[in-house]
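Asker: First to last, the sequence lines map onto chains A and B. Take 1 as the starting number for the first sequence in this note's numbering and just add one per residue. Take 1 as the starting number for the second sequence in this note's numbering and just add one per residue.
These aren't lab readings, by the way, just hints derived from the structure by calculation.
What follows is a set of in silico ranges between Cβ atoms, one per label pair, in the way DEER data are often shown:
id, chain 1, residue 1, chain 2, residue 2, range
1, B, Pro187, A, Glu65, 43 to 49 Å
2, A, His71, B, Gly23, 28 to 34 Å
3, A, Leu150, B, Asp273, 56 to 62 Å
4, A, Gly139, B, Asp232, 40 to 46 Å
Chain B residues, not near chain A, derived (Cβ > 10 Å throughout):
id, residue
5, Met86
6, Glu286
7, Gln290
8, Ala301
Glycine included, C-beta positions come from ideal geometry on N, C-alpha and C.
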Amino acid sequence: MEDQKYHALPETDLEAKDNSRRNFLKQSTLLTAIALTPGTAVKAAEMRVDDRIAEVFEKMPVKLEVNGTPHNLSVEPRATLLDILREQLDLTGTKKGCDHGQCGACTVHVDGHRVNSCLTLGVMVSGKKITTIEGLAKGEELHPMQEAFLKHDGFQCGYCTPGQIMSAVACIREGHANSEAEIREYMSGNICRCGAYPNIVNAIQEVKEGGMEV
Amino acid sequence: MKPFQYTRAADQQGVIAAINKPGTMIIAGGTNLVDLMKRGVTAPDKLIDINHLPLKDISINKLGRMHIGALALNSAVAESHLVKEMHPLLAMALNAGASPQLRNMATVGGNMMQRTRCPYFYDTTMPCNKRAPGTGCGAIGGYNRMHSIFGASDKCIAVHPSDMCVALAALDAEVVVGNRKGGRVIPFTEFHRLPGENPSKDNNLAEGELITAVIIPHNNFAKNSFYLKIRDRQSYAFALVSVAAALEIDGGVIKKARLAMGGVAHKPWRLFDAEKALTGKKATEENFKQAAEIAMEGAKAHEDNKFKLKLAPAAIVDALKHASGLA
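So here's chain B without its partners, still in its complex pose (with noise of 0.2 Å):
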């Protein structure tokens, strides 16, 4: 690992004074960021430890907006007893991600900036458009088993990783984040990015802005909401394909409907078309292969991954039926 120098943040400012500095980095918990500094994907000649700042808070306001603070474990949100009663598909979705030693190190903001796993990202001695603007792109033509199926580029089929941000896009969930000026809210299903012509930003924090909090709006989903991964192994694996799914049942009718998929895009892939054929739908299995079928819409596979265009329908009906109670 090349040689850098380090720093505790005394304070918010003091960070975001700091980070619109050159190759100067953020760490929090460091479970991507110490993995892609080994490998030398990433090489920051200073890092700036923001564990010390007050961040870590779960809290609830009277409106019922939940507060997660950027520096709240993935572990503390998880067995958060808030998070379990009020957002479930949260929970679920933070423990179906990496393992129990690494959801007590990563955090909300860090979760949200982890890089993708893709092997040509990862690989320095291959091309990659994110990872060396212009270098091409390895994965088109090469091994893409894991790659996307929507909103790809030809720079770029790389997918998000994280299966936190998934459950957060579907949520409605808004970023907070500060800056010089004092700060902005991000709605989460903006805060990711599509690699279109430039691959290697992965989302829209300006420089010198600084994730400060996650906020998750009052919902009717706690009752029916499912968070269903697809991985080669039964636990500790990325996903092939995921769904958040998340409904608001009244009578049998669905009154109000949130889906996500994770594993597919290059950002958490919210499937708004398919959440409005559903409201005012009954929650039958015919209405959600229905709802699977437009989600499907303009979908696009690569050599490897043509599963998925079997895989991903299939796994909405399954996350639907197991949210509304028919599984």
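For reference, chain A alone in the conformation it holds in the complex (with noise of 0.2 Å):
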């Protein structure tokens, strides 16, 4: 019953605005369709078309592989990677700091190389493979970077944790993590403004010196 009550709310709020942006389009379409051919239009009036061309000019078919498994989404072309993961996938590891590249929470791998999420359209990756913060481990077994942090604590409040997991493993794919201050360099695009950095540091070099395959 609670369930049912909160999620009434959002819903109907959802609706009228969307309700609201369809009909704009759908005025503007069938405007253009009137001042074009009145037959065609009465046409598409009763096949609902309008409303289909509105669909078409909103969300577009996008085809993601993440964490390997394959997902048929349909999104608007505004919507980010970071957006569509964490409300269209519920993938809420990835997280939104600064949502504008500067802080690299979002980061995740793209075909293999890490990006920032967030200024990432995912109409432009479709097609694409995405591992995010929750497909590094096997199962219950911790990926090393992971089991890392842990030790070495790379972390206070833990926001920007998976944003520098995904990072600190492609810092050690890269062939970027062979000293200290090479680490500190291309782990800058990750800020923690609790300063974990010295054990991050330390989590890296432990799982680099390791020789773990990341």
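Each chain sits in its own coordinate frame; assemble them with the hints.
Answerer: Structural data, given as structure tokens:
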């Protein structure tokens, strides 16, 4: 019961918003149609073609393979990969920090390369393989970098941690973890406001020196 | 973010035909454009994704001219063995810019097209002649610590934020653009422009033109190149001042010199007079200081960036010392 109540309000809200935008698109496409050929417009209205046209403008099909699972999604062109992961796929491990490519909390791997998912439009990565923090562990077995972050206390509040770990894994794979200075330089795209940097560097160095497969 | 239509470009000609239309913009890496769209600084009706065009190659021809496709990623160029070997200055400049994540997204052409990071340009509640022509310049008389000391106008004192472009300007690169008539080549130093009366225009790209490649001619600077970037933190910050220095030294004498600065002007600021002053001279600190003095002629600071008048010449000397092996 509680759940239903909780859901009732936002859904109505969403619908209202959706409707106003759809109506605008409906009206504008309908006006264009009328201006062109009245006969077609009447037919279109009957077949709810205007509604479908509006949908075409709003959403596009996007195929993503996320952590090995294929997804066929329908997203607005303006939806970022970050928002798609969090809002549509419920993969909330990837964090929204600044949302402007300045903090690295949203770091994920696209076809094996680390990127800021907040500045990546979902439609642009259709057909690609995405790895998020949820995709690192093998079942119950943590990824060596996750183990190392735990062991070295590579975090305090933990908000930047998923991005730090995704970046750290990429840092070693790219071959840029050969010294403390190099690690610091190549981890500079991930900001930690708690200042866990020394421990993060230690964690990366241990994984690197341990020669574990990342 | 305002909704927009998204299409993928089938080929180069299709893009060129489409970009003539108002409200249509190209997206490549999107690292700057998506940010600007989120903030409402830019609001295109239609985005054309060009990432599927075959413009990613890095190659070298028989004459030693390096060809870098406009869609080559900043990280791919920085890590390219060809680039590291032939033009280490470019690799250094690229690695000094942004973060590894952003370099994995940003392209060469997009890097050239990025907008200024002037806070008044980004804040849509503030006046800015670049974002909204005729509204005035918030930075003049405002907070202008990051702003230009060369080539500004009373309409705009913003700086171009790129590191890559500073290196390419120093290396006498050329920009290859495609258009309806086929295309043309623009010297890199003439690609970006000074603000003048029309700061909304960052560069001399004409309507309906698409950057397809950057060409770097053969040079002998590989041994004596250095990119020095001074910023508020060690990494992942825009330049207060940066210097690209490239020298060809023979027996202690400078045969050729190339110098360009970042963080000081509306475009990568090439120091032609200082280069001339260095040519034929010995690679000594004294000569470097003299060149730096020449480079600073005509510099004009604002309230908050007077420090650049001291920082810039010191950075020039330091970069030259590193490039020549004195430091």
